[in-house]
Amino acid sequence: MTRSISMKGLCALALMMPLAMEAQADGKDPLPRADPASVGLSPERLARIAPVFKGEIEKGRIPGVVLAVARRGKLAYFEAIGAIDPATKAPMTTDALFSIASMTKPMVSVGIMMLAEEGKLFLNDPVGQYLPQLKVMKVALVKKDAEGKEVVESVPAKRQPTIQDLLRHTSGVTYGGRGNTAVHKMWPRGSAVAATQFTGPEFLETIGKLPLLHEPGTVWDYSLSVDILGQVIEAISGKPLSAFLAERIWQPLGMVDTSFAVPEDKKARYARAFPNDPITGKPQTVLHAGAKPVKFECGGGCGVSTASDYIRFSQMLLNGGVLDGKRLLGKKTVAYMTSNHLGPGIENNVAKTDPSREGYGFGLGFAVRLTPGIAGVSGSEGDYNWGGAYGTFFWNDPKEELTVVFMSQGPGPIRTYYRKLVNALVLQAIVE
Amino acid sequence: MPSAPNTPTVLQWATPAELGFDVGRLGRIREAIERDVAAGLIPGAVIGIARRGKIALLEGYGFRDKTAGTPMWADAVFSIASMTKPMVSVGIMMLAEEGRLLLGDPVSKFLPQLAGMKVAKSITSDTLETVPAEREMTVQDLLRHTSGLTYQNRGTSAAYRAYPVHGTSAVHDKEEFLNLLGKAPLLFQPGTAWEYGVSTDVLGFIIEAVSGKRLSEFLSERLWQPLGMADTGFELTDQTRERYARALPKDPLTGDPLVVHHATGKKSKWESGGGGCVSTVADYLRFTQMLLDGGIGNGQRILGRKTIALMTSDHLGDKIVNRLPLTMDPAFSGYGFGLGFAVRKEQGLSAANGTPGDYYWSGVYGTYFWNDPVERMTVVAGIVAPGPLRLRYRQLIRSLVLQAIVA
Chain B
1 MTRSISMKGL CALALMMPLA MEAQADGKDP LPRADPASVG LSPERLARIA PVFKGEIEKG
61 RIPGVVLAVA RRGKLAYFEA IGAIDPATKA PMTTDALFSI ASMTKPMVSV GIMMLAEEGK
121 LFLNDPVGQY LPQLKVMKVA LVKKDAEGKE VVESVPAKRQ PTIQDLLRHT SGVTYGGRGN
181 TAVHKMWPRG SAVAATQFTG PEFLETIGKL PLLHEPGTVW DYSLSVDILG QVIEAISGKP
241 LSAFLAERIW QPLGMVDTSF AVPEDKKARY ARAFPNDPIT GKPQTVLHAG AKPVKFECGG
301 GCGVSTASDY IRFSQMLLNG GVLDGKRLLG KKTVAYMTSN HLGPGIENNV AKTDPSREGY
361 GFGLGFAVRL TPGIAGVSGS EGDYNWGGAY GTFFWNDPKE ELTVVFMSQG PGPIRTYYRK
421 LVNALVLQAI VE
Chain X
1 MPSAPNTPTV LQWATPAELG FDVGRLGRIR EAIERDVAAG LIPGAVIGIA RRGKIALLEG
61 YGFRDKTAGT PMWADAVFSI ASMTKPMVSV GIMMLAEEGR LLLGDPVSKF LPQLAGMKVA
121 KSITSDTLET VPAEREMTVQ DLLRHTSGLT YQNRGTSAAY RAYPVHGTSA VHDKEEFLNL
181 LGKAPLLFQP GTAWEYGVST DVLGFIIEAV SGKRLSEFLS ERLWQPLGMA DTGFELTDQT
241 RERYARALPK DPLTGDPLVV HHATGKKSKW ESGGGGCVST VADYLRFTQM LLDGGIGNGQ
301 RILGRKTIAL MTSDHLGDKI VNRLPLTMDP AFSGYGFGLG FAVRKEQGLS AANGTPGDYY
361 WSGVYGTYFW NDPVERMTVV AGIVAPGPLR LRYRQLIRSL VLQAIVA
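Protein sequence lines correspond, in order, to chains B and X. Numbering follows this note's numbering, in which position 396 of the first sequence is assigned residue number 396; successive positions increment by one, without gaps. Numbering follows this note's numbering, in which position 333 of the second sequence is assigned residue number 333; successive positions increment by one, without gaps.
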């Protein structure tokens, strides 16, 4: 920019300056702003979104939400609605922090692919090559004893789980909370549960002795796989997961509010859930609002972020691995990650996490849409998404050059309702 | 840019950036290979990348001869083993284009010793029982490895043991080998399952039978000379011997001695179309660029573009049992097989990155190539890693090259 600026360049610069300064002064826009109509979104139709969520908030179903929509690289919609904390009723802000739970997974998956790009690991490597505690995994064989009680025995796995298995959730590892079988009862219920119970080495030591629910590479099952990937990153890089991700993803992308904890000076910006689930009335907790400290940085669900930060991450993916000149991944790597990796020989249970995901396969870190139809939500072939159990959600639609990040803290079953609602409200606004 | 004073010119060079590569990311290739050279995993490597018809990178790393301390330059000569097969497959397709053979012809039309072959009842049994073949194997079966033929060293059961030793290690002359092969059992009914084996050696014999020439003579006249592949042949010559790249004395993982045919100085009994050649990365790039350009190279038309399209399409379909990932390399799930190459059917699934429609093959001593028609890219890796490590290098090279593409 400083050297040899042509007249044409100067004019373009002059045109760009005010916009850039505006974004800077505001300090809240993660991407350059655009008039929605200029990126094919109807302003009238976008205006349908806020009243719907205001209605939800008035009914006491969710304290507040933040929604960011970018199209063709430009931020077209960025609103905070409702309250950041149901106790104080302080207004929700676009820079609110959220516990993003499983939306940590795509970032860890990107971290793994960075190591793959450098030749520091291969997707086909058995996990035990990096984590000796997981060197000899066995597969559960459930039998019934004389009294009809389930007894879990184990047999050697036909092959050991690979890095690719972890990325696409075909490792045979599960979440204890995903079923009631005798095998499920042996596994930690979820990522946050594991992270508050165990240190990293204890976690690996513990699960290394547990029987896999399935033979590796045969069944898609949501799982602690990405927590394991986080440990792989630590083993290879020799750094805490947060240090690696900060250095390689968060800092280059300017994701200043993304981490594995809510720092003291940001506590006021941390969005809170209702103490009780508004539908079931059951008490509900969110990891970083709870009293239990995290003993290891869990790659499967321990992240904290903002809509601003996360849309910079998702826009980087949509751009084929680069944002603002910072290249995190090669474009072929992103294309590879966002392709379906569940072959005909792999049982696809993606829709068991959410029936509206029928018609989705799974790539390396994301659910990937296989066809325009079938799914219970609108979308395009090749779009990819993932959500967090506390109520956050994102998706990228490469065909529509669209990225959407939705943040809320509604850890109950209502979260899947909001995923569908946001999907409908955003896609109906596309008019060209 | 060339790392050796006498780096051969294959194609024109262009700056990597002009060809859509990030220069810093391309530098990761050197970093990763030098890391492995320092760790004693491989002696060295030559990597060649051409995109949009121009060379982006052609460099040698590490040592051509670790023991002697000789550096690896880009003109090093490698035993390319099964990377001989794609060249022989092209030779067969030239004969097919001339109507001198048809893909549907039974193999016995050219090699009567292979008429009436039997099929093993079991591929695992320790005793051999056979049934008649339901149909004879065809030239297409040989090209796509669905003939039912195998390699003796791919199994230990009675069916495998019945095969004569093949390729550059053969102990019988060609006539004797064919007689023995005709009596060996097919592992599968022809056209029902993919099984790696002596099929391309047999294709070499067919070329000799149809052309009346030695395989080397035919390939030289029809392929190597037109494309200017001066360093490619079945034996080392006075021109290539001094540039021959050597394996480490011992496998770094297993400690087993590493033996590569052309390093032994032994002459093979016959020219093995399945694995007998030496070549350089630059020579082989001329060959792969010809494929990528639809059959034309060095201004010479080698094959018609429809022939290349046919060869690089999947010929296994849904009915033929694809034992490629299972028996060769589990990282390459999602690949079918064309007429001489494994062909990628989808973007995902494989543990190695790639593009639908890309095709590759490799050599057991560690060499590897792939063509990516969508990205208009060809990559050739000269590596001497005859042990199990070779599988890792196929994935490594793919990772390193593909991550550098930014436009």
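Hints were generated in silico from the structure; no laboratory data involved. Where a beta carbon is used, it is the ideal one built from N, C-alpha and C, also for glycine. Where hints are given, some of them may not hold.
[Stated by the list, open to error] Which residues of chain B face chain X? A few of them, derived with a C-beta cut under 8 Å, are: (1) Phe122; (2) Gly330; (3) Gly363.
[Claimed, not checked] DSS-like cross-link-like pairs, simulated, lysine-lysine; straight-line CA separation at most 30 Å: (4) Lys54(X) - Lys326(B); (5) Lys250(X) - Lys120(B); (6) Lys295(B) - Lys209(B).
[Stated by the list, open to error] Among chain B residues calculated to face chain X with C-beta under 10 Å, some are: (7) Met113; (8) Glu118; (9) Asn124; (10) Asp125; (11) Thr162; (12) Arg168; (13) Gly217; (14) Thr218; (15) Val219; (16) Phe274; (17) Arg327; (18) Ile346; (19) Leu427; (20) Ile430; (21) Val431.
Is the hint on Gly363(B) kept, meaning its closest Cβ partner in chain X is under 8 Å away?
holds (6 Å)
Please check whether Arg168(B) passes as an interface residue: C-beta within 10 Å of a C-beta belonging to chain X.
holds (8 Å)
Residue hint Thr162(B), partner chain X, criterion CB-CB below 10 Å:
Result: holds, 7 Å to nearest chain X Cβ.
Restraint outcome when Gly217(B) is required to lie within 10 Å of chain X by C-beta distance:
holds (9 Å)
Does the CB of Asp125(B) sit less than 10 Å away from some CB of chain X?
holds (8 Å)
Are Met113(B) and chain X close enough, Cβ to Cβ, to be under 10 Å, as the hint says?
Because about 9 Å separates Met113(B) from the closest Cβ in chain X, which is inside the 10 Å limit, the hint holds.
Does the nearest C-beta of chain X fall within a distance shorter than 8 Å of the C-beta of Gly330(B)?
Cβ of Gly330(B) sits 4 Å from chain X, so the hint holds.
Does Leu427(B) pass the interface hint, meaning its C-beta sits closer than 10 Å to a C-beta of chain X?
violated (24 Å)
Is Lys295(B) within 30 Å of Lys209(B), Cα to Cα?
holds (20 Å)
Distance restraint between Lys250(X) and Lys120(B), which requires alpha-carbon spacing of 30 Å or less
holds (23 Å)
Return the status of the interface hint for Ile430(B): holds when the least beta-carbon distance to chain X is below 10 Å, violated otherwise.
violated (25 Å)
Using the nearest Cβ pair, does Phe122(B) come within less than 8 Å of chain X?
Hint holds; Phe122(B) Cβ to chain X Cβ min 5 Å, cut 8 Å.
Consistency with the previously given hints fails for numbers 14, 15, 16, 19, 20, 21, ordered from lowest to highest.
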